[in-house]
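Listed in order, the protein sequences are those of chains A and B.
Residue numbering for the first sequence is 580 to 829, as defined by our numbering.
Residue numbering for the second sequence is 580 to 829, as defined by our numbering.
Treat the hints as calculated values from the structure; they're not laboratory data.
Hints may contain errors.
Since the list gives no way to pick out one identical chain from another, each pair is judged satisfied if it fits inside one copy or across any two copies.
Subject to a maximum C-alpha distance of 25 Å in a straight line, what follows is the list of computed PhoX-like cross-link-like pairs (lysine-lysine) [claimed, not checked]: (1) Lys664 - Lys587; (2) Lys811 - Lys664; (3) Lys764 - Lys602; (4) Lys707 - Lys686; (5) Lys761 - Lys715; (6) Lys602 - Lys665; (7) Lys715 - Lys686; (8) Lys716 - Lys686; (9) Lys627 - Lys597; (10) Lys627 - Lys761; (11) Lys627 - Lys715; (12) Lys715 - Lys602; (13) Lys665 - Lys686; (14) Lys774 - Lys587; (15) Lys707 - Lys761; (16) Lys627 - Lys664.
There are 2 protein chains.
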Amino acid sequence: MAAKQLIKLSEIPTEAPKGLKKKDVAEETERLVERFGELHHLLYAEGKHSVLVIFQGMDASGKDGAVRRVFRDCTIAGLDLVSYKKPTEIEMAHDFLWRVHRWAPEKGMLTIFNRSHYEDILIQRVHKWIDMTRVKKRMAAINAFEELLEFDNNTLIFKFYMHISKEEQAVQLQERLDDPNKYWKHNPGDWEERKLWDQYMEAYEYAINESSVPWHICPVDNRWYRDYFILKILVEGLEKLNMSMPVPGK
Amino acid sequence: MAAKQLIKLSEIPTEAPKGLKKKDVAEETERLVERFGELHHLLYAEGKHSVLVIFQGMDASGKDGAVRRVFRDCTIAGLDLVSYKKPTEIEMAHDFLWRVHRWAPEKGMLTIFNRSHYEDILIQRVHKWIDMTRVKKRMAAINAFEELLEFDNNTLIFKFYMHISKEEQAVQLQERLDDPNKYWKHNPGDWEERKLWDQYMEAYEYAINESSVPWHICPVDNRWYRDYFILKILVEGLEKLNMSMPVPGK
């Protein structure tokens with residue numbers, strides 16, 4: 580493997596690039612939502628590739644919002660969403676990739692992971708439920724697993740780290756307390772996890788830097804930029820597949 | 580990895596070692612069946628480890644017979660058998676380990692694979708459905724997968740290659756034609772696969788030599804020796820776990 584630039588999250592902006600106009604971005608986002616819907620329809624019709632989109636990020640970093648907005652022109656039949664929560668008893672009685680592998684997308688499908696197998700080297704590491712030896716072994720297993728999906732099932736993997744600033748997280752968490760329409764998402768545990776911010780950043784940097792399938796660092800402090808950022812990457816990635824509708828007699 | 584002795588199947592006997600008495604072996608086999616039943620009960624009660632037993636071998640090499648005899652004192656509740664046949668359409672729309680991973684044993688369980696993920700670098704290689712580049716990538720994925728089960732779910736993996744001679748296979752296949760109680764197992768395709776014997780041996784040798792979790796080469800031409808060979812390895816392996824019944828208050 581060629582030496583690669585190690586990322587340092589604190590050096591990467593959490594805000595939209597300067598000079599962008601919110602109105603222009605909103606218009607372009609609409610266009611991209613539509614185009615992505617078309618590409619997803621082709622993916623489903625052609626049935627040759629599969630797509631896995633992974634969202635990881637701190638609490639209130641906008642994962643749910645991205646899921647809600649980015650895929651809204653997609654064919655429901657070709658879409659699966661898996662939201663990973665605390666493992667069940669049966670999941671805990673297996674290796675950490677067991678509950679993940681079963682949801683790997685079949686050909687023609689796009690599967691979204693809201694959180695993912697990365698939790699097993701993030702929350703578990705930060706709380707010291709596992710030691711670094713296990714973190715490293717799990718990281719190697721994750722790389723082997725993602726490579727397997729790529730080479731043996733034509734899976735395109737897009738991984739987004741939702742990059743929020745610590746200040747913006749406080750704003751978002753407070754809104755959940757203040758806004759009756761957001762209160763349902765309030766979880767006192769989120770404020771506890773927030774105290775471990777630096778440890779989480781360290782764990783995320785390790786996961787991002789040690790991954791063989793690259794991550795995209797999505798600045799999310801300006802929500803109007805978030806979906807545009809994600810859609811641009813997804814659309815460009817799927818355009819490269821040069822997909823076409825199956826024709827009779829072929 | 581330290582250099583290891585590469586095995587050559589043609590140099591390994593398919594018959595029981597000279598000097599063994601069939602009657603002695605039969606008695607010892609009975610004792611081992613019982614002891615293995617006890618150890619399996621402990622495995623299930625303790626719930627700390629899991630065990631995966633894989634049988635691979637040419638047609639009529641005695642895989643089904645071993646499954647029937649070796650585990651007959653085991654607790655059914657703690658036992659799963661998965662027989663791998665031609666992949667279904669949905670299985671084919673995923674990576675080759677997808678259908679296998681879901682059956683990985685949970686803690687406390689012993690799972691038997693009658694055939695396994697190795698078929699994907701055996702039959703698929705011999706029939707040239709995949710090229711050597713894919714064989715090598717799959718072999719690496721298999722090693723990563725088996726290591727994952729070991730380090731992340733305390734899984735003990737026992738892999739048995741059922742080593743039959745080409746002559747004995749002919750005897751066994753012919754019996755399926757001649758014996759009304761065996762005719763149900765007759766499959767004309769088996770005689771076709773037999774023509775690819777040398778290619779299969781080459782593919783098996785590759786799989787065995789490239790595996791990081793070691794294989795046991797079980798001589799099966801004398802069926803009275805087969806179960807003894809397998810049980811001895813399983814019992815010794817499980818004895819090493821020093822399992823004990825959970826006690827109150829711990």
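Consistency of the hints with the structure:
1. Lys664 - Lys587: neither (27 Å within a copy, 48 Å between copies)
2. Lys811 - Lys664: neither (28 Å within a copy, 43 Å between copies)
3. Lys764 - Lys602: For lysine 764 and lysine 602, neither the intra-copy (29 Å) nor the inter-copy (70 Å) Cα distance is at most 25 Å.
4. Lys707 - Lys686: between (37 Å within a copy, 22 Å between copies)
5. Lys761 - Lys715: This pair counts as neither: shortest intra-copy Cα distance 37 Å, inter-copy 51 Å.
6. Lys602 - Lys665: Answer is neither: 39 Å inside a copy and 55 Å across each miss the 25 Å cutoff.
7. Lys715 - Lys686: between (30 Å within a copy, 22 Å between copies)
8. Lys716 - Lys686: between (29 Å within a copy, 19 Å between copies)
9. Lys627 - Lys597: neither (39 Å within a copy, 55 Å between copies)
10. Lys627 - Lys761: neither (40 Å within a copy, 42 Å between copies)
11. Lys627 - Lys715: Classified as between; 22 Å across copies, 33 Å inside a copy.
12. Lys715 - Lys602: Neither. Shortest intra-copy (44 Å) and inter-copy (51 Å) distances fail the 25 Å Cα cut-off.
13. Lys665 - Lys686: Between copies only: 18 Å across chains, 28 Å inside a chain, cut-off 25 Å.
14. Lys774 - Lys587: within (20 Å within a copy, 59 Å between copies)
15. Lys707 - Lys761: neither (31 Å within a copy, 57 Å between copies)
16. Lys627 - Lys664: Close across copies (24 Å), not inside one copy (30 Å); limit 25 Å.
The structure is inconsistent with the numbered hints 1, 2, 3, 5, 6, 9, 10, 12, 15, although it conforms to all the rest.
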